[in-house]
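Construct all of the structure, not just a fragment, from the sequences and the given hints.
So in this note's numbering, spot 12 of the sequence shown is number 470, and the numbers just go up one at a time.
Some hints here could point you the wrong way.
[Unchecked claim] Estimated spans, in silico, between C-beta atoms of each pair: (1) 746 to 619: 19 to 27 Å; (2) 593 to 687: 13 to 21 Å; (3) 542 to 485: 29 to 37 Å; (4) 632 to 664: 22 to 30 Å; (5) 585 to 625: 57 to 65 Å; (6) 697 to 587: 42 to 50 Å; (7) 701 to 740: 28 to 36 Å; (8) 597 to 566: 50 to 58 Å; (9) 578 to 548: 41 to 49 Å; (10) 572 to 701: 53 to 61 Å; (11) 729 to 585: 41 to 49 Å; (12) 762 to 729: 45 to 53 Å; (13) 548 to 574: 37 to 45 Å.
[Stated by the list, open to error] BS3-like cross-link-like pairs, simulated, lysine-lysine; straight-line CA separation at most 27 Å: (14) 617 to 605; (15) 630 to 668; (16) 760 to 632; (17) 729 to 639; (18) 524 to 536; (19) 639 to 690; (20) 704 to 617; (21) 605 to 729; (22) 536 to 633; (23) 744 to 760; (24) 633 to 704.
Think of the hints as simulated: they come from the structure by calculation, not from any bench.
Even for Gly, the Cβ is constructed at its ideal location relative to N, Cα and C.
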Amino acid sequence: MNAESKEKIEIYTNFDTKIKAMEKVETEIQRSFSRKLSSNESGSIEGSCEDFQNRYYINSLKESLKKAENEAASNVLKVKELESVIEDLKATLQQERQKRIEDSELAARRIDEFKEESAKKFSQVKKLCEGELKSIQEANRESLLKKEEAIKKIRADMKEKLMSMHETSMGKIKKLEDLHKTEITERDDLITKYKKNRQYLISLRVHEEKAAAARLGDLKFDMMMKINEAQKAAADALNATEEKLKTIQEVHKSKLVQKDQALEESKAEIKTLKTWADEEKISLHKLEALKEEMETRLRNAKSCADEELRLAEDK
459 MNAESKEKIE
469 IYTNFDTKIK
479 AMEKVETEIQ
489 RSFSRKLSSN
499 ESGSIEGSCE
509 DFQNRYYINS
519 LKESLKKAEN
529 EAASNVLKVK
539 ELESVIEDLK
549 ATLQQERQKR
559 IEDSELAARR
569 IDEFKEESAK
579 KFSQVKKLCE
589 GELKSIQEAN
599 RESLLKKEEA
609 IKKIRADMKE
619 KLMSMHETSM
629 GKIKKLEDLH
639 KTEITERDDL
649 ITKYKKNRQY
659 LISLRVHEEK
669 AAAARLGDLK
679 FDMMMKINEA
689 QKAAADALNA
699 TEEKLKTIQE
709 VHKSKLVQKD
719 QALEESKAEI
729 KTLKTWADEE
739 KISLHKLEAL
749 KEEMETRLRN
759 AKSCADEELR
769 LAEDK
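The structure is reproduced here in structure tokens:
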């Protein structure tokens, strides 16, 4: 209901109240006039004047009443118009209510359709996620196999390098033994060649043999100890690596992240083994330096022996 309709209803209510008040006044005037007529039956001039005034007042009231009736009729028409407006508003409200009901039903249908579509999309997304999950699991499985193959390859390379180091060390020891034999042979040749100074050469030979044998024995013993230590360390490292690899393979089934850490530890152990190999190489270099020193001393001893023999021959 709008403001104009409210205003029309308020005007009609006020006008009805005014009509009722005027009717009440008219009734009171008629009663007063009747009382005065009954009390003034003689018909004095004053009563006539008062009656004339009352009639005039009554006539004016009647005219006002007619005007009020006309206005009331007009207001009745306005009220009818207002009622028609109210009916129109009711019809409009009914239409709006029906439209809202239809909109609600349409919204409910759309919600149901949206739910069905969402369920279909969820099923599709679920299938895609399951497929991706399977592919990820397959990729992880392939990665695990590749890492295991890499670890096996590293183990094989480590064993091969250790065997190569061992063979190299044994070859160098054999060369040192052959060199020692060659030195002894050369000394024997010097003794037979220089018979004049036999006693000196024999004592020199015995002294040099003892010193060389002691040094060579010490070197050989040290080399064998170092090789044994290297082999033992390599075996321990291999055993430890195998144990760690078993542990890594067991842990890999539950946690893939720890395998990278274990692989790093294996790399660190490989670096340690390489460091040991470098140390063995340094020891071999030291042995070669000692061999050169022994050769130098032998050459010096030979030159001294030659010089003494020359002096002995001159004498």
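Worksheet item: Which hint numbers doesn't this structure obey?
Response: 2, 8, 17, 19, 22 and 24
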